[in-house]
Structure formats: C-alpha cells, structure tokens
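Protein chains: 6
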Amino acid sequence: MSENKSKRMAIYPGTFDPVTNGHISLMERACHLFDSLTIAVSKSAGKSAMFSFQERLDMVKQASGDKSMACELKVIGFEGLLAELAQREKAVAIIRGLRAVSDFEYEFQMALMNRKLARDVETVFLMPSLSWVYLSSTIVKDVARHGGDVEDLVPTNVVKMFEQKIK
Amino acid sequence: MSENKSKRMAIYPGTFDPVTNGHISLMERACHLFDSLTIAVSKSAGKSAMFSFQERLDMVKQASGDKSMACELKVIGFEGLLAELAQREKAVAIIRGLRAVSDFEYEFQMALMNRKLARDVETVFLMPSLSWVYLSSTIVKDVARHGGDVEDLVPTNVVKMFEQKIK
Amino acid sequence: MSENKSKRMAIYPGTFDPVTNGHISLMERACHLFDSLTIAVSKSAGKSAMFSFQERLDMVKQASGDKSMACELKVIGFEGLLAELAQREKAVAIIRGLRAVSDFEYEFQMALMNRKLARDVETVFLMPSLSWVYLSSTIVKDVARHGGDVEDLVPTNVVKMFEQKIK
Amino acid sequence: MSENKSKRMAIYPGTFDPVTNGHISLMERACHLFDSLTIAVSKSAGKSAMFSFQERLDMVKQASGDKSMACELKVIGFEGLLAELAQREKAVAIIRGLRAVSDFEYEFQMALMNRKLARDVETVFLMPSLSWVYLSSTIVKDVARHGGDVEDLVPTNVVKMFEQKIK
Amino acid sequence: MSENKSKRMAIYPGTFDPVTNGHISLMERACHLFDSLTIAVSKSAGKSAMFSFQERLDMVKQASGDKSMACELKVIGFEGLLAELAQREKAVAIIRGLRAVSDFEYEFQMALMNRKLARDVETVFLMPSLSWVYLSSTIVKDVARHGGDVEDLVPTNVVKMFEQKIK
Amino acid sequence: MSENKSKRMAIYPGTFDPVTNGHISLMERACHLFDSLTIAVSKSAGKSAMFSFQERLDMVKQASGDKSMACELKVIGFEGLLAELAQREKAVAIIRGLRAVSDFEYEFQMALMNRKLARDVETVFLMPSLSWVYLSSTIVKDVARHGGDVEDLVPTNVVKMFEQKIK
Numbered sequence: 002m003s004e005n006k007s008k009r010m011a012i013y014p015g016t017f018d019p020v021t022n023g024h025i026s027l028m029e030r031a032c033h034l035f036d037s038l039t040i041a042v043s044k045s046a047g048k049s050a051m052f053s054f055q056e057r058l059d060m061v062k063q064a065s066g067d068k069s070m071a072c073e074l075k076v077i078g079f080e081g082l083l084a085e086l087a088q089r090e091k092a093v094a095i096i097r098g099l100r101a102v103s104d105f106e107y108e109f110q111m112a113l114m115n116r117k118l119a120r121d122v123e124t125v126f127l128m129p130s131l132s133w134v135y136l137s138s139t140i141v142k143d144v145a146r147h148g149g150d151v152e153d154l155v156p157t158n159v160v161k162m163f164e165q166k167i168k
Numbered sequence: 002m003s004e005n006k007s008k009r010m011a012i013y014p015g016t017f018d019p020v021t022n023g024h025i026s027l028m029e030r031a032c033h034l035f036d037s038l039t040i041a042v043s044k045s046a047g048k049s050a051m052f053s054f055q056e057r058l059d060m061v062k063q064a065s066g067d068k069s070m071a072c073e074l075k076v077i078g079f080e081g082l083l084a085e086l087a088q089r090e091k092a093v094a095i096i097r098g099l100r101a102v103s104d105f106e107y108e109f110q111m112a113l114m115n116r117k118l119a120r121d122v123e124t125v126f127l128m129p130s131l132s133w134v135y136l137s138s139t140i141v142k143d144v145a146r147h148g149g150d151v152e153d154l155v156p157t158n159v160v161k162m163f164e165q166k167i168k
Numbered sequence: 002m003s004e005n006k007s008k009r010m011a012i013y014p015g016t017f018d019p020v021t022n023g024h025i026s027l028m029e030r031a032c033h034l035f036d037s038l039t040i041a042v043s044k045s046a047g048k049s050a051m052f053s054f055q056e057r058l059d060m061v062k063q064a065s066g067d068k069s070m071a072c073e074l075k076v077i078g079f080e081g082l083l084a085e086l087a088q089r090e091k092a093v094a095i096i097r098g099l100r101a102v103s104d105f106e107y108e109f110q111m112a113l114m115n116r117k118l119a120r121d122v123e124t125v126f127l128m129p130s131l132s133w134v135y136l137s138s139t140i141v142k143d144v145a146r147h148g149g150d151v152e153d154l155v156p157t158n159v160v161k162m163f164e165q166k167i168k
Numbered sequence: 002m003s004e005n006k007s008k009r010m011a012i013y014p015g016t017f018d019p020v021t022n023g024h025i026s027l028m029e030r031a032c033h034l035f036d037s038l039t040i041a042v043s044k045s046a047g048k049s050a051m052f053s054f055q056e057r058l059d060m061v062k063q064a065s066g067d068k069s070m071a072c073e074l075k076v077i078g079f080e081g082l083l084a085e086l087a088q089r090e091k092a093v094a095i096i097r098g099l100r101a102v103s104d105f106e107y108e109f110q111m112a113l114m115n116r117k118l119a120r121d122v123e124t125v126f127l128m129p130s131l132s133w134v135y136l137s138s139t140i141v142k143d144v145a146r147h148g149g150d151v152e153d154l155v156p157t158n159v160v161k162m163f164e165q166k167i168k
Numbered sequence: 002m003s004e005n006k007s008k009r010m011a012i013y014p015g016t017f018d019p020v021t022n023g024h025i026s027l028m029e030r031a032c033h034l035f036d037s038l039t040i041a042v043s044k045s046a047g048k049s050a051m052f053s054f055q056e057r058l059d060m061v062k063q064a065s066g067d068k069s070m071a072c073e074l075k076v077i078g079f080e081g082l083l084a085e086l087a088q089r090e091k092a093v094a095i096i097r098g099l100r101a102v103s104d105f106e107y108e109f110q111m112a113l114m115n116r117k118l119a120r121d122v123e124t125v126f127l128m129p130s131l132s133w134v135y136l137s138s139t140i141v142k143d144v145a146r147h148g149g150d151v152e153d154l155v156p157t158n159v160v161k162m163f164e165q166k167i168k
Numbered sequence: 002m003s004e005n006k007s008k009r010m011a012i013y014p015g016t017f018d019p020v021t022n023g024h025i026s027l028m029e030r031a032c033h034l035f036d037s038l039t040i041a042v043s044k045s046a047g048k049s050a051m052f053s054f055q056e057r058l059d060m061v062k063q064a065s066g067d068k069s070m071a072c073e074l075k076v077i078g079f080e081g082l083l084a085e086l087a088q089r090e091k092a093v094a095i096i097r098g099l100r101a102v103s104d105f106e107y108e109f110q111m112a113l114m115n116r117k118l119a120r121d122v123e124t125v126f127l128m129p130s131l132s133w134v135y136l137s138s139t140i141v142k143d144v145a146r147h148g149g150d151v152e153d154l155v156p157t158n159v160v161k162m163f164e165q166k167i168k
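As you go down the protein sequences, you meet chains S, Z, A, E, H and V in turn. Each residue of the first sequence is one higher than the one before, starting from 2 at the first, in the working numbering. Each residue of the second sequence is one higher than the one before, starting from 2 at the first, in the working numbering. Each residue of the third sequence is one higher than the one before, starting from 2 at the first, in the working numbering. Each residue of the fourth sequence is one higher than the one before, starting from 2 at the first, in the working numbering. Each residue of the fifth sequence is one higher than the one before, starting from 2 at the first, in the working numbering. Each residue of the sixth sequence is one higher than the one before, starting from 2 at the first, in the working numbering.
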C-alpha cells in the first residue's frame, strides 16, 4: 500500500553454471510478481564449475537482456550470506525454483535458515515450465561434454560459450 | 511498473475446516508480497468436514480480521474451478502453503493443471512458520474430537466454535 | 529366443475412471516393448467412481482402438487378484505408469506384493509423456465437474461421455 | 540409573485391522529396547475396518501371546488422545514402524503433535524386517478379499479369522 | 509383430564399481522381458572409483557369464551420451533399477532428458529383489574398506577382486 | 528384565563437524530411553571437514559435558564398521536423527545394512527438536564461513572454535 510496497524487489540467487532455459523461464515468471528482480550470481560455484565467475556473470546478463522482461532486471555478483544480501538490498523475497523432491528438502532447510537470518525476507518457490522440468545445469554440462546438442536447453549465447569451452 | 502492476492481487484458496494458526501465519506472509489478498473459502469441504460453509466463512473473516494485515484482505466463498476464479479476479498469483513431501507432489500437480487452465496466474509456494509445521486442519480436528486442548493451534474464535461443536 | 519368448505379453491394469491421454500415451509406449498388451479394466472403481464398469470398458476399447498401436491390443474387465490374472494370462510384465513420489511408494509396495504372489511376472514402470505428467483421472473429473474444459486431457469419446454425465 | 529408569515402558499404538507379521516383528524389536511394551489397540478403526474392536483386541492378544517376547507385554484398548494415554501410563516412548516416505511425513507430523501434547514421551521409529516391508493391513485385506493366500503375511490365528470373515 | 520387433534389445548402463548382486538380479529380470541385453559399462566412474575401467568391464563379464541368463547378453564399454549409444545399437529400452526416492527423482530427470535425445528409446524401471534393496556399490565399497564381509553382497569374482584391492 | 537388560546401551555415531544444538538435543532425548549412551565420533570426516578428529572429539566431550544428561555418557573415537563397534560394545541400539526425506532414504539403507552386519542391534530413529530441524553441520559451516552468526546454532565452545578457525 505504501509507496515502498509498490516497489517490491525480489532476489533470484544461483551459480548459473551455465544459465539454462529453465532459469530464464523462472526469471520471466518472477517478473510478473515483483517490481524488480535482482539476479545474484554466486562468485564461488564449487569444484565442478565449468565457467568462471566473470563468464557466468556475462552470460546471465546477456541471456536475460535478450528477453523483454516485465520488470526491472539487475544482474549482480555476490559472495557471503544470501540472507545478508537480501536485507541489504531491501528485498521482500528470495526466489527459488522448485523441481523435485530432493530439491525440496534442501530448499526447505535453506529457506528456514534464511528466515532465521533475515526475518523480513520471504522465500518464494515458483515452478519452472513443464518443458524445463528435466533441466539442470549439471545435466546440461553432461550433455555438452559428451558432444550432445544443447541448443534447445540453453539461451543462444550459452550455446556459443559451450562450443568454445568444449573445443 | 505499470499502474496495474503496482496493485497485484493474490488468491489464497482452501477449505479452512477449520482455519488454523498456520493459515493465519501464511496470510500474513503473503500480505508482505502482494497489494491485496483474497482468501477464497471453498464451498464444498469433503465428507469429513466438521464446519458448515457459512461457519468456515465467518470463522476465516473473524480470525483474519483480528490481525492487522499488511495488505488489503478480502474473504470470499467460491465453488467451481479455482483457475477461473483467479482469472476472473485478475489475480497474479495463487498462494499455497508447502509443508511436506506428500503435500508437495499434489500441489505440484494442481499447480501444473492450474497453469494450463490459467496461463497468467502463477502458483506461489510459501513456507509456514516452523512453529506451525506440524499443524493441519485434520490433525487439529482429531485433537479436538478426543478432548485435547487446541488453544495453541487455532485462533481464539475457532477455539470457541470447537467448544460448541464438541459439546 | 524361444517361440514363447518372441510373443511376450504385458498387462496394463487400472480403473480408467476415465481413461486419459496419459493412459493412452502409456499404452503406446508399452506397445513398443511387448508383442501384445492386455488392458485390464478393474470392475470395482471405489466410491468416487463416476463411470460404470461397462462405461469404462467401452470407453477404453474405443479410445485405444482409435489409435494405431504397434502391438496386439486387448481390453478385458477383471476382478480379483491382479497377480492371478497375470499368471493366468501368461503375462511377463505388469505395466505401471510412474508419476510422482507418492505414487512411487504405493506402486513399490504393490509391486513387491505382486512379485510375492506371482514370481514370474515383472512389474515394469514407464514414464508418461511430460505433457501428461500432471494428469490423473481424479484431477480430470474435478475439472469436468466444475465445468472446466477437458478436451486436451482425454480422448474425444471421453469428452462426449463427460458431456452426457455432467448435464 | 534410578530404579524408575530401569523399568522403561513403551507404547505401540495401532488399529491392527488386522495385525500382520510386520506388526509382530516390530513388537519383538521394541521388546529388546524396553522393559515393557503396551500394545494399544485403537477403538475406532475408520470406515474401511474389517474387524470389530473386540476382534482386533483378541487377535492382537493371541498373536503376541504365541510368541515369547523379551519383555513384559500388555494389550489394551484405547480411545482418546494417544499422548494422554502415554502420559497416564508413564510411557517413555511411543513406538512407530517406519515403512515409506509417505508414512514418514505423516508420522513426523503426528510425532511433533504428540511431543507438543506430551513433552516427556519420545516417539521412537523402528524399521520393520525387510521381509515385511511391503506389508500393510490394507494390502493384506485386499489380498484376502480377492481370495488370495495370506498365510505368509499374518499370524495363524488371523488366517482363521479371515477365513470366517470372507466366507 | 514384425521380424524386427521379435528381436528387442535393451541396454543396462552403469559404472558397476563394483557390480553387486543387485545388478545381477536386475540383469536376470530384464532378460525375461527382452531378447537381448547389452550391459554398457561407463568408462568414467567418477573420482570415488575403486576399480579401473578394464577391471569393471572384466568383472561384469565374468559375473554375468557365471549365470545362465534367459536372453542374449553382451557386455560393452562406452563413453559419450547414453541416448546416442541406445540409438546406435537400436535398443528399444534403457533399463534402470529403482531403489529409493532420491534415486527416483534423479532417474526421472535422466529419463526425460534421454527421451528428448532419443525419442524411440523407452526408459524401463525395474525393481530389484527385496533382498538387495539396501545394496549399492557405494555401500559395498564402504563395508569392504572397513574390513567388513561382502560375500553375500557381490558375486564371487568380485569378492576376490576386493581382497586384492584392500590388501 | 534380566540384570543385563536393565543396563541397555545405545550408540550415537556421527562426524560432528561440528557438533550442533541439534545433536545435543538428540543426545538428551536418547538419554531418556537408555541407561548409557556412547557417542562415537568418526575419525574420517570426508574432504569437506573443517575440524580435525581431535578437535571434533574434544568439542563433543565438552559440549555434552556441559549439559546434565539423564544417563551415563561416553564419548569415543572410532574407525571401521559401525556395526562391529556396536556389537563389540554390546549396544542394543544405534541412534539416528531423522530430519528429512533424503536423510530418511539413506538412513533406511544404512540401517538395513547394519542390521545385516549386526542382527542384535536395532537402529532407532529419533526426531530432533522442531527448533533444530533446519540445522545441519554443513549449513552451519556455510553460515560461519560467510561471516554469519552461529551463536544460536551450536554450543558455546563450538562458537569459540569457529572464531579461531575463521580468523
């Protein structure tokens, strides 16, 4: 109701190694619910990372920029606690995609911890498009490493980055 | 961004037989994310219903009215397809509480069907407060039927309605 | 290898109240794996049944007959133990669709019991098409009862039967 | 350590409609952990009950009496809240068998509620023998109703009771 | 029906590090359903691999050869995309064992991806014998590493290979 | 009943990297059920370990010693098979905390394997306090590494050890 409320911001965190069509679809959905969306690319992406932090940051910026989104979109890098970032940015929500049961358990645990660390930030679970339900960054890397075609699975700019990596 | 967007409405559907502290907590959370919240009380509540439609409607109105919510709140009755109601009311989101795995599966299925029936309405899953995670209307009725104390589990007005029912 | 083996038969049991596009898709998939498929329509369909046994039998016959299947297809009614039917019909496999976690648990239990009752019959789990993953007879009936459109969800002949029922 | 502690009592509640080999196996396991075990047969067994309260009580008494158990065993009937019974009987634990995921969720919810109602009583989950993992009273009744052989699934006295029921 | 159909081939892929009694049991089950079974041993087995590719290949060949199987059995090594291998070999099915919920989620995702990559190949889920339900290569390696007895868990030739490794 | 029975011992194994308030709560619960509790700290804690074996051993001893427990408590280190340790120590039970579905699956598998290796030792699953349900050693380390406050999550002595580690 207040001025402040009419500008609600949500954060969508991830490693995006790489960003997939499933991620893009989730951004579009989140954009219908909030006034602005901050995509927070995690600096560290674990040992199995294929793309560097800079590559992932660029990749997400380009892929999300190619789409006309229904809200203000910002892409940032981050390290440290997500809950603190959310508070600092005055986000009202943390966006998480919900895919499967094993996902759900971990997400539930993370969400409870984040609520403890940042009381005012709600974790909001959205469902990816049915078409991307089998998609994960891990499975996409697996397909690409084995010479499979990833054109239907990731944005065009990521296809090109894969071609350079795999060569 | 647009005028329209700054007045986003969400629907929180349920049978509320009876409304519990968990439901109330979810309403409060949803109210931080949207400009207005329509609580849609389902006319039919199955064979194991304890309270009539009118009782459930009154109960939810009173219980939610006792709290100062951070958004406009409306309580309505409904029958028919939820997806159609959501479209008719121009809701951007359907709110669902997410408690457990079995919940999740059914909710996932419902959300996919609702997305098919109403493309523009996103199902948004929120987590109840940890304190109410073990709560369900069914378990509350069970406790009340066996003479257990439900004071900590449901709003005050529902406690009274239970006392009248059980006598 | 033996003559016998080259004519492997599978049974696909269900209540089919009503048969959905998901069921039809599973029949097509099973037909690629076996020489013949016997669809066994259960006489009893529980209290929430909408269609009579005869209606369900006819409905499945017509819906499966409308498709050109890659194997011999037979539709029969049955009551009694599925395991005994499978042995009597010399089936090598019982076909089950696998949708979700809650499904899985029950299916696992049933499959173990059926293996105990009929050692030679293997329960074979197949995945429905992604497009029908949210479909169940229950949810279809729910949509139809509330006046929703089921044209994309069930075969044409079932759409007509719904129209007659609901009127 | 104290006198009192060396006489720990556990309660194993259920509808036992009917008692199965899985239940008996769980009683034996619980008896190795506690000094005495009270089997609490619930008076009400829902609409799908096959055996009366008296039949279920007798059935459990006979079946458990046929086995030499490693602890004191008592069979009682109960209605009302399990948590209150547990407190009244000074039980330190409520025994629950853990079979599957769907089980687990419901059990978790019940255990949290019981802990709220009776702080001093711990819910203890035990795993049934692998051989009985597919067993449930519901599936046993299903097999029996359809003329299947239940000899390997339930104690001898229950086999006889089934024969009389089904006739 | 066609000549082609009466010679249906299935692929059973895995790392088999090591092959367990559960794997052998699944091969036997799959052999009752198909005319021939190709066991595809993955070249890469991850960082926690205990046996080399050649050892795993030999181990599977010997262990499966010791059993008289009901179908033609072939053991091959493979790298690259399973879906492509399946298409190249004209398999009608990919065999997967289904053990637990966490399994199921990952398997479901893989199966959907494989279906996308190879439309004509069906993923077929079979249930291991109840006796091997707790078995996994990981848990077997764990037992062996800690000096536990694995004789009941893996084929005889694998027991010997463990003895040489662990020494 | 026998002398022997009145002194029942349970083992609570873990890596405790670090010990959390959830672990301490589970120790207290287990102590109400058994005469003595042996906390077995695993020597190896995997690659992602933060604390050395000696640190973890000291940490558990101090944290559990700070609480007055309702039973005899012993803290030991162990390597090798848990099942063998349990038998050697004449434990009647292995205590495991049950948190989530993914937990449950793995725990179930481990429990079945341990039962195979040590028939007389029952795996007993207990539920942590609701307040610690979101807690795991992994998530605690994550919070600490990112400079978050862990005071409410772990015993006081662990807070200090974290401060020294992170500096």
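Please note: incorrect hints may appear among the correct ones.
Remember, identical chains collapse to one label, so a pair may be satisfied in a single copy or spanning two.
[Said to hold, decoys possible] The calculated DSBU-like cross-link candidates involving lysine-lysine, where the alpha carbons are at most 35 Å apart (straight line), are: (1) Lys-8 / Lys-48; (2) Lys-117 / Lys-166; (3) Lys-168 / Lys-91; (4) Lys-8 / Lys-166; (5) Lys-68 / Lys-166; (6) Lys-8 / Lys-168; (7) Lys-68 / Lys-168; (8) Lys-62 / Lys-75; (9) Lys-117 / Lys-161; (10) Lys-91 / Lys-166; (11) Lys-91 / Lys-8; (12) Lys-68 / Lys-142; (13) Lys-117 / Lys-168; (14) Lys-44 / Lys-161; (15) Lys-161 / Lys-75; (16) Lys-168 / Lys-44; (17) Lys-117 / Lys-44.
These are computed hints drawn from the structure, not numbers from a lab.
Results of checking the hints against the structure:
Proximity of Lys-8 to Lys-48 under the C-alpha cut-off of 35 Å is found in neither arrangement, the shortest distances being 37 Å within a copy and 44 Å between copies. Taking the shortest Cα distances, Lys-117 and Lys-166 sit within 35 Å of each other only across copies (23 Å), while inside one copy they are farther apart (40 Å). Proximity of Lys-168 and Lys-91 under a CA criterion of 35 Å is satisfied inter-copy only: 29 Å between copies versus 43 Å inside one chain copy. For a Cα distance limit of 35 Å, the shortest separation of Lys-8 from Lys-166 qualifies neither inside one copy, at 40 Å, nor across copies, at 41 Å.
Taking CA atoms no more than 35 Å apart as the test, Lys-68 paired with Lys-166 passes inside one copy only; the shortest distance there is 24 Å, against 45 Å between copies. Taking CA atoms no more than 35 Å apart as the test, Lys-8 paired with Lys-168 passes in neither setting, with 45 Å inside one copy and 39 Å between copies. Taking the shortest Cα distances, Lys-68 and Lys-168 sit within 35 Å of each other inside one copy (28 Å), while across copies they are farther apart (44 Å). When the C-alpha separation of Lys-62 and Lys-75 is checked against a cutoff of 35 Å, the pair qualifies only within one copy, where the shortest distance is 8 Å, while the shortest distance between copies is 40 Å.
In this assembly of identical chains, Lys-117 and Lys-161 lie within 35 Å of each other by CA distance solely across copies; the values are 21 Å between and 41 Å within a copy. Taking the closest pair of Cα atoms, Lys-91 and Lys-166 come within 35 Å of each other only across two copies (31 Å); inside a single copy the shortest separation is 37 Å, beyond that limit. Taking CA atoms no more than 35 Å apart as the test, Lys-91 paired with Lys-8 passes in both settings, with 10 Å inside one copy and 19 Å between copies. For the homomeric pair Lys-68 and Lys-142, the shortest alpha-carbon distance inside one copy (23 Å) is at most 35 Å, but the shortest distance between copies (38 Å) is not.
In this assembly of identical chains, the alpha carbons of Lys-117 and Lys-168 lie at most 35 Å apart only when taken from different copies (24 Å versus 45 Å within one copy). Taking identical chains as interchangeable, the C-alpha atoms of Lys-44 and Lys-161 lie at most 35 Å apart whether they share a chain (22 Å) or sit on different chains (28 Å). Taking the shortest alpha-carbon separations for Lys-161 and Lys-75, only the intra-copy value of 23 Å comes in at or below 35 Å, while the best inter-copy value is 38 Å. When the C-alpha separation of Lys-168 and Lys-44 is checked against a cutoff of 35 Å, the pair qualifies both within a copy, at 25 Å, and between copies, at 21 Å.
Taking CA atoms no more than 35 Å apart as the test, Lys-117 paired with Lys-44 passes in both settings, with 23 Å inside one copy and 32 Å between copies.
Checked against the numbered hints given earlier, the structure breaks hints 1, 4, 6 and satisfies all the rest.
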